[in-house]
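For this one, chain E is given, so just place chain V on it according to the hints.
As a plain string of letters, each chain reads:
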Amino acid sequence: MTPSLEARHLTRRFGSFVALNNLDLKVEGAKCVGFLGPNGAGKTTALKMMTDLIFPTSGEAFINGISVQHERKRALTACGTLIETPEIYGSLSPREALELVGALRGMRPEEIRARTRIVLEEVKMSEWTDQKVGRFSKGMKQRVNIAASLLSDPEVVLLDEPSTGLDPRGMAEVRDIVRGLKKGRRLIFMSSHILSEVVDVCDEVALLNHGKLLFYDSLANVEKRLTGDATSVDLAFLRPVSDTDLSTQVASVPGVSAVTRVDPQHATVMIAGGPPAQAAVLERLVGARLGLVSFEPSRSALEEVYLQEISKGES
Amino acid sequence: MTTVEPSLSPEGSAPILGEVPGLFTQAVLLSRYQFRDYLRSRRFVLMMAIVAVIGALLSFVLYDFNGAGLTSSAGAFYGTLWAGGVTVVIIFAGIIFGGDAIAGEFQNKTGYFLMGLPVQRSSVYVGKYLAAFTASLVAVVFYFLILIANGAHYLGAGALPYALWESFAVALLYLLALLGSVFLFSSMFKNSLYAVLVVAVLFLFGFTVLQDLISGLVHVTPWFILTYADSIIGGVFNATCMTMVGPHTCTTPGPRGTVITTMVDNATIPEGVAIMIAYFAITAIVGLILFEREEFT
Numbered sequence: 001m002t003p004s005l006e007a008r009h010l011t012r013r014f015g016s017f018v019a020l021n022n023l024d025l026k027v028e029g030a031k032c033v034g035f036l037g038p039n040g041a042g043k044t045t046a047l048k049m050m051t052d053l054i055f056p057t058s059g060e061a062f063i064n065g066i067s068v069q070h071e072r073k074r075a076l077t078a079c080g081t082l083i084e085t086p087e088i089y090g091s092l093s094p095r096e097a098l099e100l101v102g103a104l105r106g107m108r109p110e111e112i113r114a115r116t117r118i119v120l121e122e123v124k125m126s127e128w129t130d131q132k133v134g135r136f137s138k139g140m141k142q143r144v145n146i147a148a149s150l151l152s153d154p155e156v157v158l159l160d161e162p163s164t165g166l167d168p169r170g171m172a173e174v175r176d177i178v179r180g181l182k183k184g185r186r187l188i189f190m191s192s193h194i195l196s197e198v199v200d201v202c203d204e205v206a207l208l209n210h211g212k213l214l215f216y217d218s219l220a221n222v223e224k225r226l227t228g229d230a231t232s233v234d235l236a237f238l239r240p241v242s243d244t245d246l247s248t249q250v251a252s253v254p255g256v257s258a259v260t261r262v263d264p265q266h267a268t269v270m271i272a273g274g275p276p277a278q279a280a281v282l283e284r285l286v287g288a289r290l291g292l293v294s295f296e297p298s299r300s301a302l303e304e305v306y307l308q309e310i311s312k313g314e315s
Numbered sequence: 316m317t318t319v320e321p322s323l324s325p326e327g328s329a330p331i332l333g334e335v336p337g338l339f340t341q342a343v344l345l346s347r348y349q350f351r352d353y354l355r356s357r358r359f360v361l362m363m364a365i366v367a368v369i370g371a372l373l374s375f376v377l378y379d380f381n382g383a384g385l386t387s388s389a390g391a392f393y394g395t396l397w398a399g400g401v402t403v404v405i406i407f408a409g410i411i412f413g414g415d416a417i418a419g420e421f422q423n424k425t426g427y428f429l430m431g432l433p434v435q436r437s438s439v440y441v442g443k444y445l446a447a448f449t450a451s452l453v454a455v456v457f458y459f460l461i462l463i464a465n466g467a468h469y470l471g472a473g474a475l476p477y478a479l480w481e482s483f484a485v486a487l488l489y490l491l492a493l494l495g496s497v498f499l500f501s502s503m504f505k506n507s508l509y510a511v512l513v514v515a516v517l518f519l520f521g522f523t524v525l526q527d528l529i530s531g532l533v534h535v536t537p538w539f540i541l542t543y544a545d546s547i548i549g550g551v552f553n554a555t556c557m558t559m560v561g562p563h564t565c566t567t568p569g570p571r572g573t574v575i576t577t578m579v580d581n582a583t584i585p586e587g588v589a590i591m592i593a594y595f596a597i598t599a600i601v602g603l604i605l606f607e608r609e610e611f612t
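So the sequences go chain by chain: E and V.
Residues 1 to 315 (our numbering) are what the first sequence spells out, left to right.
Residues 316 to 612 (our numbering) are what the second sequence spells out, left to right.
One or more hints might be untrue.
Claimed, not checked - Footprint (simulated), chain E over chain V, 3 or more residues, beta carbon under 8 Å: (1) 340-352; (2) 433-441.
Said to hold, decoys possible - In silico DSBU-like cross-links for lysine-lysine, where the CA-CA straight-line distance does not exceed 30 Å: (3) E/LYS212 with E/LYS124; (4) E/LYS124 with V/LYS424; (5) E/LYS183 with E/LYS138; (6) E/LYS73 with E/LYS182; (7) E/LYS212 with V/LYS424; (8) V/LYS424 with E/LYS132; (9) E/LYS212 with E/LYS312; (10) E/LYS73 with E/LYS212; (11) E/LYS182 with E/LYS138; (12) V/LYS505 with E/LYS183; (13) V/LYS424 with E/LYS138; (14) E/LYS132 with V/LYS505; (15) E/LYS73 with E/LYS31; (16) E/LYS124 with E/LYS138; (17) E/LYS73 with E/LYS183; (18) E/LYS124 with E/LYS31; (19) E/LYS182 with V/LYS424; (20) E/LYS312 with E/LYS31; (21) E/LYS124 with V/LYS505; (22) V/LYS424 with E/LYS73; (23) E/LYS182 with E/LYS212.
If you are wondering where the hints come from, they were derived from the structure by calculation, not from laboratory data.
Since the structure is predicted, the reported quantities are computational estimates derived from the model, not experimental observations.
Heads up, the beta-carbon is just placed ideally off N, CA and C, and yes, glycines get one too.
Only chain E is shown next, with the shape it has when bound in the complex:
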């Protein structure tokens, strides 16, 4: 099976700084892959090389088996992209901008009209169809950019931090759009540093730091990685809990390795053994009748793994 997206020894240096170091990545099939990493990890650099906006020092990127570096036009034909926050010519309306995109992609005028209506509806910009883009806010422009990347209903969608510049409602809407895209047979490769966004919409995750790929795995496997490691869980109680109760009723529960009081009604516990251990601890705490009202992991499994892997790299 030809991978939908492939990076082969993709490397980029800026002088002595290595922005991306020998990235080897093969993504096959229809799914959503989160491309994670802290700022400066090399995510945008990799995506820019995958779309020929910058050139690799060595290595190559392929979309549907076609080299982006050697056949950019053919490689990008089946690909919708949103890299950084592009600007559209200010005097054009979203309709005109999408007409241009469709015409450059070789779509027929009636297809362009029909798809323009659909994608603008999708990004909630229908009522702005004929207004000038130059007057739009950053978030509105980003919606039009997302619409442009989806216009031809591409097989591969490369999104570079698509919710950048959007307000919380806009971010939630972008997540809805990406979830909607997953229902088609396409690969969505989305860079982000918002872990909750990735957990919410992605099936797999690739973690990059200092230009190196730390891992590429499914979210389910990321959860499994945590088994055996202690997970931090925040507890909230209905009424103040005494130190005695914390030590006898909470710290003594099998699986709990440490308890830290936050305030009279809140504490944080470290639980080893993954989700089964967490379930057992929760049952015991409910049974102890301490007035437990909330039992919530301090961080998601992905966040735990993310922090662990990043800190390994730092040390």
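Structure of chain V alone, referenced to chain E:
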């Protein structure tokens, strides 16, 4: 929060993929939208205002000085006023429409919108060039019409010398060459301001000063400077030089039937045409190569 029913293609449907147009078709498509953007922009209004001011000044001077001694022949009238004004119009149009044409794609990030699409970089370059040429042509035609209106008033509606059309064609060739150079400078920068400043300084006075220095001090014919060639826009009227007896030598009637032979440090028409074509070809190729290698970092 309202949830949106996914209206994108359902599972199993094929993506909408037409045949991606060729390089030149994409360039023409891009130029249409870029030209539309120019037409709606303040820079277009500014350019038209500049031409209107030049036209108004010209009309005022002609009116105030009762033809300013130029109404003896259509050649003298158009040779002086067309050639003198259109060069300025072309330089301003080049600066306004071409100065930041390529640099702006990087600085304003409009390039990110286009370059993520299945287009060749050369299509973007050629498309933007065509749009800048068309917008500049509108300004040149506007100036031409102002001049024709004045000519019709002082000389009559039918007094349009053949040389005027020749000169118009040469002016368009000069516009091609100048825009080629402007696009080359624009490709060298990722900052619009620097690109516009460099182009403005070079074409408004830099090249003219250089040309004077080279011919005056070093006594070398500055054939390699584009502005040296622009004299042929007026040269085709042959208004000041009655007969060209050889390259850079012309004769004019002197007192009591004598003939004065003078050396003229202007390009001959074939030289001027060759310089303009060479400038266009070289700058277009080098500019394209630079743009192909430029990165959207």
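> Hints broken by the structure, by number, lowest first?
Replying inline: 3, 12 and 21
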